[in-house]
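J.: The task is to assemble the complex, starting from two chains supplied on their own in separate frames and drawing on the hints.
So the chains spell out like this:
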Amino acid sequence: MQSVITNTNQLEATALKVREHIIKMSTDGGCFVGASLSAADLIVYLYSEFLNVNPNNLTDPSRDYLFLSKGHDVPALYGTFAELGLLDKDRLKNHLSISDNIYWHPNTKIPGIEFHSGSLGHLPSVAIGVAMDIKIRGGNNKVICIMGDGELNEGTCWEAVLVASAYKLDNLIFVIDRNQFQANMATEDLIPLEPLHDKFTAFGASVKRINGHSFEALHEAFSAYPFEKGKLNVVIADTVRGKGLPSIERRADRWFCNFNATEVEDLLKELHGEHTTQLTSETLVVR
Amino acid sequence: MSYEELLTEIALSDERFIVMTAENRALVRNIPAKLGSRFIDTGITEQTMIGAAAGLALRGRIPVVHALASFLTMRAFEFVRTDAGIPNLPLKLSSFIPGFLSDGNGPTHQAVEDIALMRGIPNMTVFAPADEDDLVKMLPQIWNHPNPSYVRINTRKTDYQHSPFELGKAEVIAEGDDVTILTYGLLFEQALIAVEILKKEGLSVGLVNLRSLKPVDEQAILHVTRNSKLTVTLEDHFLTGGLYSIVAEVLLKHSLTANVLPFALNEKWFKPSLLPNVMEHEGFTGKQIAEKILGYNTRFHQPEISIPQFSE
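In the order they appear, the protein sequences are chains A and B.
So the first sequence is numbered by my numbering: it starts at 1 and just counts up by one.
So the second sequence is numbered by my numbering: it starts at 288 and just counts up by one.
Capping the alpha-carbon separation at 16 Å, the derived lysine to aspartate or glutamate pairs in EDC-like fashion look like this:
1. A/Lys135 <-> B/Glu302
2. A/Lys199 <-> A/Glu188
3. A/Lys24 <-> A/Asp90
4. A/Lys208 <-> A/Glu228
5. A/Lys168 <-> B/Asp328
6. A/Lys135 <-> A/Asp64
Some chain A residues close to chain B (C-beta under 7 Å, calculated; not the full set):
7. Ser119
8. Ser125
9. Ile128
10. Gly129
11. Val130
12. Asp133
13. Thr156
14. Glu159
15. Ala160
16. Val163
Hints are computed from structural coordinates only; laboratory data are not their basis.
Note that CB positions come from ideal geometry on N, CA and C, so glycine has one too.
One chain only, chain B, in its complex shape (with noise of 0.2 Å):
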């Protein structure tokens, strides 16, 4: 199931949903026929689109709303923190290529900083799919919970099979006592491809997929620190707010320290090009991800990595 057929499912059964866009329509192509009135696209008004879905949640609706992740979380940050924070409304925020999914926009469409700015609004919750599996089956849940949510949206397609979400919990894919891989969103492709690796060198693995950001699973995270050697943060975001600073919040939390090595954006934007490119450059694929873990490089194949089409 895609994220839009989910999406005009639940719309459907339910009167409460209305669905809007600051005219980012990538996502929602085919719901204005079936949703009618309950389906409204602002424009080019990412403020505006939130203003108004916080007075159409004080009406009793569930406004699910649609912009690109920098729009979404920057432009319009201030109304998203006054207007769905401070209130506490059920706003729910789908962010169209987040992360390296903006691929060959350049720094404005880049969204690095968005898992930073959304979990540090009070009543916020903040999700980050492996996949579009993932997504189907997260969303649900993250739609009936009566906080507003950010949802870093990713419909790329994997062979993986994921477990039933529960809103709060992460994924564990794989225990390992030499290396951990805590991961979210996209990247866990080529997680899945650094865990094979690193078995094949004879590393016992572990990988977890957070799905969930805020609420956090601590005792997801306690648990790997403790029992892996090295625990790995792997993200397409920058390295200050988002895993990194969570696992070290979580760890200072409990009085506790831990070998991390982290994979994130220092300090920096990266460079605009086609998806598998940006990667490659920015060392984001599988392969490259091993062998930083390993400490040298190996023969084998890196998997072709699919190139997102291009939608506004």
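For reference, chain A alone in the conformation it holds in the complex (with noise of 0.2 Å):
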């Protein structure tokens, strides 16, 4: 059944926030800007279409589950969960914050994230053991773990599949965001990754390449989980690091991002097309 999906408008209103969001968090320390622009799109299309997880819901058993495993991009996550009343919008005032939990890295005393990442290659296998227990229980939630392209250099993620795909979890999805680049070059120019689609194949899953800044596509993809029974559903999301913001897409010396007021203030008149920035805060941040 190919599904049509009506309120893109909304989707794009939304997303344009919690980039704004972003944006915010990225002065006064700074957080990864390029990462969580290139996820902001794939993770406001999961919460808003796809999952079953409203403030209510938080910690029923039948709800779905989705993981942040690069967890850098959580400055996405903390920006969906404000726009969809998960987390109080004044709250992101507090990023970094020595009174308040919101970090570079996800934490669950965030009501909402399941699990703390940060260290890459681990939420693929927590993923697993909540699909097997879902499995052992006969239940119908979905699992989701997004991870980094970067982070697929960790042999922990194609353990995870390995085993994922022996374990016939074809109600876990790994969602990758394929935005090119890792913390310091592009992910071709040091480990390549390519062909991506065929390794995930020959690994066992059933894989889907969609561009993961259409919601058409997203909504396309998604639409079709499970992909093929007793399969782990794969989606390699294409994506563009630093998505909205010309000055800073696609550029290795744009990872994290600790910008001045001037700065962020351009930034957001750059993401609504009415600018375009002067970009004078030191470039390459690497931590």
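T.: Below, the structure is given as structure tokens:
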């Protein structure tokens, strides 16, 4: 059955607000802006349209689960939670404040975050455990794990694909934010990943590769869940690091950014297509 | 009762239990047929097994996970620390062939820093039973405790009947004014032999089976170091980070000092061979321990040390 999405305008509007939140968190200490912007549409789509997660079912065992494995894209999650009523918007101002728990990687003190991350290659296996338990109990919950493409350097990601395939976890979806960059450079210039679709297929998964910034494409792909009975689902979402801000898009030196107040103001205008920002702050800040 | 019988009984009576292994089935051969989907073998993937166990624990399960001690504690260390330690999830680690029990495998398989590593993780609890009787007396409490645990699995049989286990309490076997041996794990067998020899040589000798290394029985350690002229720490572990270190930490915490003789592996791995040869070569037989404490050789006979069956 071909499913048609009708509310792309609303999703676009939400994603724009999420990007505003991300930009506002990219100062006074900064954050991983590029990866957050690449994952924003994906995360907005999944929480708005696909996942059975809402403020009232966060501890209900029948809810769906999303695990953010690469972790440093968590500003996109904070922003999405704020827009969907899972997190008080005022708390976003507490980014990196000692009095709150909103920092560079996910943690479970934020309701709705299922597990902490930051060390790459962990959550694929944690998601497997949850998916296994759902299978044992005969539940219908969906389990998603979002990984970065750079994260796929970690061997445990591939162990997880082997094990998920062996256990026929068709209730599990690994989503790859394929923004083409890892911390310091393009993935293909360091540890090439392509042909990525073929790699996952060879490991036993059922794979869809889509434009991760198109809500139509996201909807078409996720509407086909489960892709094949008895197979791990993999979605490779082709994305752009820094999406929405042409001045930092696809730039290896704009991974972690700590902008000054003027830059933030200009970037917010740039996001709305009104301006091109002259970035003056230090470029590559590798942490 | 064996380890496997106990685990089967507990898992069958409590749906929360999941038995997992990274293809180390020696201790759980018959469990797949009994537990069905609550038995999970992830293949040779210690890290993925620990991560998946954390996911299962998030859903209310109590995963009892099995792997060789060195791979469980070292290859998967960061997963244990990050996915069990940080969220304080009840992952129950059963480590196979820890310490000298890896006998002929070689240094890759020697977990002789496992106690140091595991006790360094916040929320983790650490245990080392003296033999199979001790093991089955200890495990029900350990598995029902809300924290993650690390247990040096030791299924060797001795004639000793242990007292009931209390988490965080040592088992005081005997008290003595001259020498007291503090030990854990399979060296308990040799400590019993050493105690007999020392007694026959006229000394007043004590023996404590630590059992619980974290939380540790500080009062038992303080009692021994106060009341015995010499305290001996006996362990198949590196000198750094194990029982000798624990005793030092407890003494320092109370601004005390004591006369302590450690038996441990000092900055080295042990020479691989069958277990009795390893013990003899490294100087850890009961007779060798007693003679080192005495400072002279005796005419006593070292009883035969049984050879463990090979199992992967």
